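**Student:** Sequence:
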Amino acid sequence: MPSTHDWINEPLAVVEGMFGKTPRNFLFLTASVSAWKLLVPSLNDVPLHYLKPNSLVKFRCLIQDMFDPEFYMGVYETVDPSTKAKVCASSLPLLQIFVDLNSKSTVTAERQTFYCVPIPGENQAVPSTSYVPSRQKRSYEEDEEMESATEQHGNGDCKRQETEAPSSQAASASHLDLNFPLPGEKGPSCLVKVYEDWDSFKLNDTLEVYGVLSVSPALSALAEEKDAFLDPTESMETAEELRVHCPPASLVPRLHMLYGKRVAHNNPLLPHASLEESSAFFSSTLGEMAAVRAELLSYFTHVLLGDALAAEYLLLHLISTVYSRRDVLPLGKFTLNLSGCPTVSSYTELLYQIIQQLVPSSFYLAMSLQNMNQMRLVPKKDYVANRLVSGALQLARNTSLFLDETQLEQGQLDATGVRNVTALGNLISWQKVDYDFNYHQMEFPCNINVLVASEGRSLLPSDCHIHLQPQVAPPRMEEYLSSIHLHPQASSQLNKFRVFLGAARLLDYSISEEVTKAVEDDFVDMRKDDPQSISADDLHRLLVVARLLSLSLGQTSLSRDSWLRAKHIETLRRSRMEQHKSVNGNEP
Numbered sequence: 001m002p003s004t005h006d007w008i009n010e011p012l013a014v015v016e017g018m019f020g021k022t023p024r025n026f027l028f029l030t031a032s033v034s035a036w037k038l039l040v041p042s043l044n045d046v047p048l049h050y051l052k053p054n055s056l057v058k059f060r061c062l063i064q065d066m067f068d069p070e071f072y073m074g075v076y077e078t079v080d081p082s083t084k085a086k087v088c089a090s091s092l093p094l095l096q097i098f099v100d101l102n103s104k105s106t107v108t109a110e111r112q113t114f115y116c117v118p119i120p121g122e123n124q125a126v127p128s129t130s131y132v133p134s135r136q137k138r139s140y141e142e143d144e145e146m147e148s149a150t151e152q153h154g155n156g157d158c159k160r161q162e163t164e165a166p167s168s169q170a171a172s173a174s175h176l177d178l179n180f181p182l183p184g185e186k187g188p189s190c191l192v193k194v195y196e197d198w199d200s201f202k203l204n205d206t207l208e209v210y211g212v213l214s215v216s217p218a219l220s221a222l223a224e225e226k227d228a229f230l231d232p233t234e235s236m237e238t239a240e241e242l243r244v245h246c247p248p249a250s251l252v253p254r255l256h257m258l259y260g261k262r263v264a265h266n267n268p269l270l271p272h273a274s275l276e277e278s279s280a281f282f283s284s285t286l287g288e289m290a291a292v293r294a295e296l297l298s299y300f301t302h303v304l305l306g307d308a309l310a311a312e313y314l315l316l317h318l319i320s321t322v323y324s325r326r327d328v329l330p331l332g333k334f335t336l337n338l339s340g341c342p343t344v345s346s347y348t349e350l351l352y353q354i355i356q357q358l359v360p361s362s363f364y365l366a367m368s369l370q371n372m373n374q375m376r377l378v379p380k381k382d383y384v385a386n387r388l389v390s391g392a393l394q395l396a397r398n399t400s401l402f403l404d405e406t407q408l409e410q411g412q413l414d415a416t417g418v419r420n421v422t423a424l425g426n427l428i429s430w431q432k433v434d435y436d437f438n439y440h441q442m443e444f445p446c447n448i449n450v451l452v453a454s455e456g457r458s459l460l461p462s463d464c465h466i467h468l469q470p471q472v473a474p475p476r477m478e479e480y481l482s483s484i485h486l487h488p489q490a491s492s493q494l495n496k497f498r499v500f501l502g503a504a505r506l507l508d509y510s511i512s513e514e515v516t517k518a519v520e521d522d523f524v525d526m527r528k529d530d531p532q533s534i535s536a537d538d539l540h541r542l543l544v545v546a547r548l549l550s551l552s553l554g555q556t557s558l559s560r561d562s563w564l565r566a567k568h569i570e571t572l573r574r575s576r577m578e579q580h581k582s583v584n585g586n587e588p
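Quick note on the UniProt record's numbering: the sequence shown kicks off at 1 and runs consecutively.
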């Protein structure tokens, strides 16, 4: 039985040893993943030049694109140049350079390639504990050994020398589009080679991948030569497609998947196992949720300038998620329009920074005229390079998208701006993004928490609109918010809030038949009292608010008290909006 050390440091040798005995049997690896989390280095946390080629690494990522399937030698015959002895071998990447290409034992197999990027907008809430390099750089002798070893072992892919210095990598990256969805993102992109069950993964899935790291330069020259002498009549790949699908491995390493799974969240403070497997964790968390909720509500009240009602709705918004879809209707979404935001002292930006500290992934989009007219929000298919060019709305599930409408100035939206505003509206209303495939649009469902901060009512739709009513008017807004800002030193308090927001979103929820009947009767009575102002949409919002209110208290079913509390805060909100309408002439 291979040891943990063997799997991490010599995974290819382990897989090769399995050939002929238990081919492709990675049950040992699968069962051991949970025990290895602190042992396997992560591409997210460790610079590529610190990682050993052909070792086991992990990568937390988003599938940004899926390339066409490719063929490789699944079984091949190697030839010893001195003895001429032949041996059949099989491995994920090709280990041997002396291969008999004419052997009848060769078996061609198929694999899929995913272009994966770090989770867009991921916030570094908790420092990594997985792996810390013990040295700052390799010695000259180590580089010599690495170069020699790399020359002897190919990898069945187009690669580049791994030992290139980080500064050189940065220079090379300047002319290579790594296709990150969000501007200013850093971190490695990766070509993930998938050998089994690739149909179980979808575009935009968030994955945790364990695989063999390959940064071999063996076929870089071959790819460049193919590019230089490309005959369009003999090859189906264009030169541009070759460059995109075969970038330098020192910048875009290859990861040959041994084990991979979709993850429901990327909150490092929460378990990734199912609720049943993590019952002990959630049992202890449920008992503390009411107390943590009170603390977080108090914190948000201060952040929102003393407005306790707006703080309540902000809390509910941050734990909302699409839990199901009924036909085209996404159930559970709760887009919040917080209007009345001060336009002085960058209040909205400071508010975003506070939210950013609490959620695993987020993105701030200033809805300025320039951004709306110039940014690419919707991904688009590039048929020349045969790739999906990413856009800012290609986000992982449960990303918090903060739309700052206070930045929108007077001016004219051009065609791009209109398309971008339409895309935001479709995202909010239907939780979908229509990707641009030139001749048609392809719909991709998503699950993104959208908060719209505006001065007046937003031009975008929302599930809930509340106008901010400040109870304090600090003369220096930045100083006020800085005084209540939870700095990283207060990590224990921040982590309590992070666990609370993440756990509430993962809890199951149900409504008993008895409570359902009581809610229906209550709604009928409400309609009798005021048939003009209570609609089916109001009932739907009430049910969503009641659901979120229950979950925020650690309750997995709706109680009569929670239903009455939901009705109470909705009445307060509606009354506030009616008053605001009568004073300002705006719609509630």
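Don't read these hints as lab results, they were simulated from the structure. Bear in mind the structure is a predicted one, so any value in this text is a computation, not a measurement. For each residue, glycine too, the CB sits at the ideal point set by N, CA and C. One or more hints might be untrue.
[Stated by the list, open to error] In the DMTMM-like style, the derived pairs of lysine to aspartate or glutamate whose C-alpha atoms are separated by at most 25 Å in a straight line are:
| id | residue 1 | residue 2 |
| --- | --- | --- |
| 1 | Lys84 | Asp100 |
| 2 | Lys381 | Glu578 |
| 3 | Lys528 | Asp508 |
| 4 | Lys528 | Glu578 |
| 5 | Lys202 | Asp100 |
| 6 | Lys380 | Glu578 |
| 7 | Lys202 | Glu349 |
| 8 | Lys186 | Glu349 |
[What the hints assert, rightly or not] Simulated restraints on C-beta separations:
| id | residue 1 | residue 2 | range |
| --- | --- | --- | --- |
| 9 | Ala294 | Asp382 | 30 to 40 Å |
| 10 | Tyr509 | Ser105 | 50 to 60 Å |
| 11 | Leu564 | Ser535 | 12 to 22 Å |
**Student:** Hint by hint, say whether it matches the structure.
**Tutor:** Verification of the supplied hints:
1. Restraint check for Lys84 and Asp100: satisfied, since their Cα atoms lie roughly 11 Å apart, inside the 25 Å limit.
2. Restraint check: the Cα-Cα separation between Lys381 and Glu578 comes to about 46 Å, which exceeds 25 Å; the hinted pair is violated.
3. At roughly 33 Å between alpha-carbon atoms, Lys528 and Asp508 are farther apart than 25 Å, so this suggested pair is violated.
4. At most 25 Å may separate the alpha-carbon atoms for a hinted pair to count; Lys528 and Glu578 meet this at roughly 20 Å.
5. At roughly 37 Å between alpha-carbon atoms, Lys202 and Asp100 are farther apart than 25 Å, so this suggested pair is violated.
6. Our distance criterion of 25 Å between C-alpha atoms is broken by Lys380 and Glu578, whose separation comes to about 42 Å.
7. In summary, the hint linking Lys202 to Glu349 is not supported, as the alpha carbons are separated by about 34 Å, beyond the 25 Å threshold.
8. Note on Lys186 and Glu349: the hinted pairing holds, with a Cα-Cα distance of about 21 Å set against a maximum of 25 Å.
9. Our hint of 30 to 40 Å for Ala294 and Asp382 is violated, since their Cβ atoms are close to 51 Å apart.
10. For the hinted restraint 50 to 60 Å between Tyr509 and Ser105, the CB-CB distance of approximately 57 Å keeps it satisfied.
11. A hinted range of 12 to 22 Å for the beta carbons of Leu564 and Ser535 is consistent with their spacing of about 20 Å.
Of the numbered hints stated above, those contradicted by the structure are hints 2, 3, 5, 6, 7 and 9, listed in ascending order.
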